[in-house]
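Chains as they are written, first to last, in my numbering: chain X, 1 to 250; chain D, 1 to 472; chain A, 1 to 485.
Keep in mind that the hints were calculated from the coordinates and are not lab data. Check each hint, because a few of them may be wrong.
Okay, the calculated bits of chain X under chain D, using three or more residues with CB under 8 Å as the criterion [claimed, not checked]:
1) 53-63
2) 97-104
3) 109-119
4) 123-134
5) 155-165
We put the beta carbon where it would ideally sit given N, CA and C, even for glycine.
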Amino acid sequence: MEQTPATQPMIEALGLTKRYEDETLALDNVSFAVRTGQIYAMLGGNGAGKTTTINIFLNFIDPTAGEARIDGIVTHKEPLKAKAKVAYVSENVMLYPNFTAIQNLDYFARLGGKTSYTKNDYHDVLRRVGLEDEAHTKRLRSYSKGMRQKCGIAIAILKDAPAILLDEPTSGLDPKAGFEFLGLLTSLRDEGKAILMSTHDIFRAKEIADMVGIMNAGKLVMQRTQSSLAGENLEELYLQFMAGSVERAA
Amino acid sequence: MIRFIIEKELREIIGSTKFAVTFGVCSLLIILSFYIGAENYRTLVDQHEAAKRENLRQMEGLTDWFAVQQHRIFLPPQPLATLVTGVSNDIGRMIEVHGRGELSADDSRFNEDPIYAVFRFLDLDFIFQIVLSLFAILFAYDAICGEKERGTLKLSFSNAVPKEKYILGKLFGSYLALAVPLLIPILIGCVLLLILGVPMSGEEWARLGLIVVAGLLYFGVFLTISVFVSSLARRSSSAFLMLLVIWILAVLIVPRSAVLIAGRAVDVPSVDEIASQKNRYSSQLFTEDRTKMAGYKPAAGQDDMEKTMADFNQFMQKIADERDAKMQEFSGQLNEQRENRQRVQRRVALGLARFSPSATFSLAVSALAGTSLSLEEEYKEAAVAYQRDYAAFMMQKTGMLTGGRVMMFRSVVDEGKKPQPINAHELPEFVFPKPALAGTVTESLPDIGILMLFTIVFFFGSYLAFLRYDVR
Amino acid sequence: MFATLLQKELKSILLSPKFPATFAVCAGLLILSISIGIHEYQVTTRQYETATQMVTQELREQAHWSGVNNRTYRKPDPMQIFVSGVSNDIGRWSGVSQFEPVKLRHSAYSDDAIFAIFRFIDFGFIVQVILSLFAFLFTYDAINGERESGTLALTFSHPIPRTTYLLAKIAGSWLGLVIPLLLPVTVGVLLLVLFRIPFEASHWMKLGGLLGVSMLYFSFFVTLGVCISSLTRRSNVSFLLCLVAWVFLILIVPRVGVIIAGQAVPVPTVAEIEAQQDAYSKDKNEQHMKSMEAKFRDREALMSGMTKEQREQYENDHMWSWMEENDADQKQITKDIEAQGVKLQEDLRNRKALQERLAFSLSRFSPASAYQLAVMSIAGTDITLKSRYEDGLRSYRTILNAFTEKKQKETGDVGGIRITMDSEKGMSISAPKENGTLDLTDMPQFAPPANASVMPVTDIGILVFAILAAFGGAIAGFLRYDMRS
């Protein structure tokens, strides 16, 4: 695992702005930083700009202004180099339905540049994310949403990248699955990953995030460390910052 | 990197039920088409042999070559023609040879057995052209947009994967997964040809090989078109709809419309007009000659019957030759006019039709199988050459060529000489040269080139479209 | 209830991208095919007229009735604009004369093979191949697609009978397909009127029949699509099944049926039949020739002792009876040959009829071939077109031959050149004198066989049965359908 100097954030947004062709301002001068060993939770309603931010980090879109950096690499300038250091878990992990979990893992690990894994490694990581052994060789077609999310995180673990981006990974999971999922995240943080996660789940965010940001209408309207949130009611804060905002379609 | 993508593509396609079903159907059809082709070939050979035998049997018992009124030659069936029928069922197969005069082929298979014309044949050309192109579309219509809908595209590109590598892997992978398995039923089909005893020469195997190559190339065209459309469309359902429309256009509409447009654009004098002009000219010539014949007087004081006969033959021969020459000149002109117009029409029609890869493919394989439009011309040329041999033979046997019906009444029978029956097998045999490998390859090269061009264009089309594709 | 459901179906079809695509393709194709058909019809009619005129002209210029070698062309029928059937595959004309049997030869495709390469697109083809594909495209996800999107469960949280829902589904898709069919056909009908195609009442009725059968046909595909959809859980599975069904029903079954029948019931080729016929007639003619020779000898023998004057006198006296004698012989032979020809043709035709029956019954396992056979027989371009014409021509030939014979007798010439060789007199050639042109006014004319429209009851029955079967399948599948998404 690469060691990065503590001074440089692993995931960093600098004045990120995205204006679409139809003049909608999706992101307005957003800046934040996530360091190694940190979890950053982005809160916000639908259309606040959370997914747009993550898409810029993955270079699925280019920013209109500002920069997104992974380990100091500007994502829209050197996308491949940046992506080599990122693992990604989407809101609704969809894998190849005709492949078994092992086959999916194998393919995506190779795509991520990891070619030395053995079958046992795959089984181990699937066990780690909490998938029973008999499920490992089943086709993804038969998986439930929770099982698919676990597969998604397994793929992210296998990639062994220093930065992990998660786009509402717990939405639609039952409470137990959500709890287990967050346990995994904390253990990954403890291994020294920088984790950026967008979520709707205020309570869990408060529980595990080292840093919480609230987004509204493309702006980062609040950013606090976990310690500074200790005595506060995050839900109230959230509603306060969201007041008067109109939900927009993404 | 490309290797993983290709591997994944192979595994994804071959492991799916969709593949099992469609591959089963296609294999069944391919093997069936080989089997039908082989059986059909056997039937055709039997019919051909029977027709030839009957032709000779007619002459049995004749004691004089004079009395041979008609001699027929037949287009021999070709093994490859049953796999790629082309126009072989539409053109006339029988030609009556009289030793002189014009030849016209008649009795096309569809005219004799219109039952086959109702639904047409199931041959390799048809299977590739219609079924396999659909097969290609079915597997590649969601190659890109389907992965996007599933979300796997986003996950893949959260990795350091260059787009160009991904699309190349996708194209090669799906081609390998879909085209290579097709070789299995084709090989089984070839074995079937061997088992059923279809005589194929080395050159014919080579031509069959090229037909298969053209088929795989054509398959590639539809695969790249599908990937291209898939990387332009946002939703896989609209990609499929678009591809279906393209398929209908390419397979059904463009070829037919091209021919019909050419038919309207280029006027070709109808056969009837020409035939009628010829008839009138011929009867005019004959009327003239009739007076000459009526005026013929055998040399006076000639007692030698043989000599009189020879003189007369010579006379008849001379006027027939003259008539023939005039007729040939006249009809040659007419035919040339028609052929020239026809050629222009064909060029326009086929040129337009080649906008469709299906038409191009069909033309390429029928050229390779020797059942393209040139079959008609080649058959006619061979028949004309044969007519010369036949004329020479008849000249040698009878000393004259009338080219028509002759009725002889002999009021004196030479008791001394018992007339010997003729041996019909002495007749020169009509041999239709099998199209040469080099010739058919040259004929099909432009079409194969066009197929390659299609593949390249759509290959780069999908490449470029994918580079600009929004993977979200 | 039904109205609401139907409205929703229709709306969702009309608003989907499938509809404009279908409409554009069908409208473009149908109008193209009808206008091409009209043009083709006009061209072939012109050809037919000039050809017929030329034949008459040629006949008129003939000098002798014995040389009359009539050619009769097949008359184009305006129904071939819609269903060309086998009309381009079978011969366009037949010689009608004493010398040759009736046989339609030189098909349009063999004359211009270029048109054979890709064939024609006509109304029947478009409905059979394209419309059926669109019918599947409209209905493959009728049930399981709604399940996948979750609307099925929502709909059935209301009190709706399942059969009503199913009927509304089928009716909606059906209406969505009728529009792309009927509107362009209306335009096509206008074109017919505009181009003054001679459409009589019977033709209009046939056109109505074509449309009716076409609607039955795609009703089958709509119902089958819904049936497949209600028997499967996932729309991509039903989609695959529909495509496989389409390939089989439209492309495979009809052809395989014919090919199997071709293998099972071998039919002698025309070449074989003709050769048998030729052999027979050659045999007969030889007998005739021999008896003629014998007669000549007998007559010569009778006259052997006579002087030249006596001989001429004798010849003059007996010429008439000799001629009559020869004539009777000749007639007997012609009759025998013809009888033999009829017998051979009949054998052949029985064989062929058997083969056809087998082929068509096998291919009728697919409603697509039932449809094709139905529209061809309505349009009169089915496989019987050839035998109908040949029968008509054969009876015409008998009439015409009788007529020319009569004329020949009246004018008293036999035509041709006569070469006589005699060991005593040497050789002489006589060519009859010209006697100008022929008067054809009272020559019998060929009347094309009445194109009696046969109602293809069997095929319509098959289509109705297929629709009912598919509908039954759809109901059975849907009544047990698990609505959960």
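Taking each numbered hint in turn, which are not upheld by the structure, reported in ascending numerical order? Hint 4 alone not satisfied by this model.
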